[in-house]
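Undergrad: The residues making up each chain are set out below.
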Amino acid sequence: MRRPAPSTVRWLILVALLVFWELFPRTGIIPELFLPSLSKTIAVLIKDWREYTSELAVTLYEVAFAMLIACGFGILAGALVGGIALLRNLLLPVFSSLYAVPIVILYPIFTAWFGIGSESKIIFAGVYGFFPVMLSTAAGIRTIDPQLLLAARSMGATLPQQITRVIIPASIPTVLTGLRLGGALTIIGVVVAEMLTSAAGIGYLVTRYRTILDSPHVFGAIVMILLLSIAFDTLARAIERRTMVWQIAGRRQKEGEQADIAVKPATAVV
Amino acid sequence: MANLSVVLNAPADAAIEVAGLGHIYAGGDSAVPALTDIAMTVGTGQFVVIVGPSGCGKTSLLMMMAGLRHQTSGTIHIQGRPIDAPDPDRVGVVFQEASLFPWLSALDNIEFPLALRRAPREERAARANDMLNLVGLQGFGARYPHELSGGMKQRVSIARGLVQDPPVLLMDEPFAALDEQTRMTMGHELLRIWSQTAKTVVFVTHSLTEAVYLADEVLVMSARPGRIIDRIAINLPRPRTYEMMATDVFGRLRDRIWQQIRKEG
Amino acid sequence: MTRFQLIAIRLLLLALVLTAWDVLPRNNVINPLLLPPFGDVLKVLVEILGRAQVQEAILVTAAEVIVAFVIAVPLGAAIGVLIAEYDYAGQIFKPLLFYVFSVPKSIFLPMFILIMGIGFQQKVAYAAFSTLFVVIMSATAAVESVKADHVLVARSYGATRMQILTRVYVPSMMPILLETLRISMIFNFTGVMIAEMYASRTGIGHLIANWGENFQLPQLFAGVILLAAVAIAFNETVRYLEHRVSAWRT
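Chains as they are written, first to last, in this note's numbering: chain B, 38 to 307; chain C, 1452 to 1716; chain A, 2 to 251.
With the rest of the complex left out, here is chain B (with noise of 0.2 Å):
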């Protein structure tokens, strides 16, 4: 017999799983305090739909905030902490030495600074996404060809022009990864963010039924976290691809793998 696809494979997995999603608590092999069925949770979110998409709300609020900042400051701070090699050498190292520190421990300082409205998320999910943002545009930013450039200069190209016509379009397939990286992590931020100490979002209300052992709705609010982020990883995807075709397709399999896996500091020899 042939084999399936991989892809047919993937959502017989996926079907699977849901189908056992439903069966299991159904039929006791998992209590429905552990495992709500699916139709039990999105029963629940039908019928408080309100609820969900008002705090839901709040955190997109909040994830788009953070995201300006993690995804701005990170590209910015990559792209000059990369390409300037002065700055390279001193600072990347101290960078990626920070980045081993689980930055969730500094929320508790900015809930004492900034409280447990949505400052204090968008602050920490910022910092949060920043580190893995500028450590990876700053080994992206490596990765452009330094040919192109003697090129252009060869071509007589002023240096405004260099940046303009050369500089910045090799950068976008390394900005635009960087941006996905970012953008996820400051989902990541605001949810965990949320969980811990909030009164509004989608994570406060994972902790505020957990505390009443109301399964079915603490599981309604895991499925809207995962709706959101594997649309947001979708469409950032989908935006990648289409500014691909200038890429050489090898490189950037590897790029996109690496940014994913770990953030490489420029110690990598490049």
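Some hints here could point you the wrong way.
Stated by the list, open to error - Coverage of chain A stretches by chain B, computed from C-beta distances (three or more under 8 Å per stretch; other residues unrestricted):
#, region
1, 95–105
2, 162–172
3, 231–237
If you are wondering where the hints come from, they were derived from the structure by calculation, not from laboratory data.
Keep in mind the model is a prediction, meaning the values are calculated, not measured.
Backbone N, C-alpha and C define an ideal beta-carbon position, used for all residues, glycine too.
Position chains C and A relative to chain B; hints supplied.
TA: Frame of chain B, contents of chains C and A only:
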């Protein structure tokens, strides 16, 4: 045979004059002399090839002629004026790596120098198309670099170097990254383009066969610090043909170059 | 710039930052209630390290980190190797893994709590769970990084599978393996911290969350510095080892 008449009727000024050129790399703790005593004259419409062992400085010399690097002593004049910054009106450069911008199509890549000058759109497109046809890539203008073979990319690179119609074309081992068969085809194509455009060409290469096949004159450089140790006039008739490569004359010329380079070890 | 110059400049910058941290709050330029002077924080740090409650918390956290690590790494490595070795499995699971990676794993924390309560096991289970995927992906990358050419050469000389494993794969993968350990520990530590801060009665994370809730900022900062120091120390040690082992890497 247009080229021959251009040479015969050309004014006596040289297209390129290098005098007393030397270059010292100030690197780390020591100063390393890279080039010494380089003097050469290239007549208008000539095809000159520079060969030499690795590290002899031939690429550096070319970069200096292109205005991309400054020499520490000596002068370079192109069409009677010194060159100290890239001047695409006088000098076109073709690199070993085609260095095409991956986000632009072949045609847009060729147009790029004109876009830098903000030339009007129709003029840019017309010129670029002419160059595209000249290098034999008609119909491929809309392709992107990742869709082109190595040889095709170099053709685009050559077209880009010619698009502003500079009288001088500098080429730094442009065919080194290609396989042998493509190299031979490209060499032949280059000679055709040269004969149709009457440019002055300075061509750097490692390949002795290529040098003899293409050149009017071959300059042999020594190992670092690079000096010119031999100038060999190649009097083979033009247009050059593949069959010439099998002749005794060809073999002797190539051997002469090889002996010089061997001595440099 | 020589290495010494770079290190000197960095130390200088650090000294500058710490001095500002001390001077500005002391002179009320910054509200000392929000940012205790660095000197005070250091004093508090020394003091809390002497407290039994804190020492216990440190031990608990350390135990959780180590146990979770010991579970996640071998398991994740095994799975990662399988995915790398069996192309078909790889094609199926790799895209799934990428999606999983971008999902906040902390959302499953309530599940762990519902099932296991808020004790030691739950924290270890959650931390192992959140670390697992990074280990899998890194292990896959590590195996795939071994050049097929090298394996071919070894095989052509008649090397057995075991020999290929030990003489080609292991040395080839060593730098990446060390990096995997380093990155996995970062995720592991983060996972333990999140679990302790979220719902726990023990551990340093819990203490920090508590200090934060009670606005005991000097203690909070002291705790953060302690954790940061430990995390960085571990990170740099492994980085140093990576460096020693990867001299041949281009």
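Undergrad: Would you say the region 162–172 of chain A counts as covered by chain B, given the rule of at least 3 residues with C-beta under 8 Å?
TA: violated (count 0)
Undergrad: Within the assertion that chain B covers the region 231–237 of chain A, do at least three residues meet a Cβ-to-Cβ distance smaller than 8 Å?
TA: holds (count 5)
Undergrad: Are three or more residues of the region 95–105 of chain A within 8 Å, CB to CB, of chain B?
TA: The restraint on the region 95–105 of chain A holds, since 8 of its residues have a Cβ under 8 Å from chain B and three suffice.
The structure shown violates just one earlier hint, number 2.
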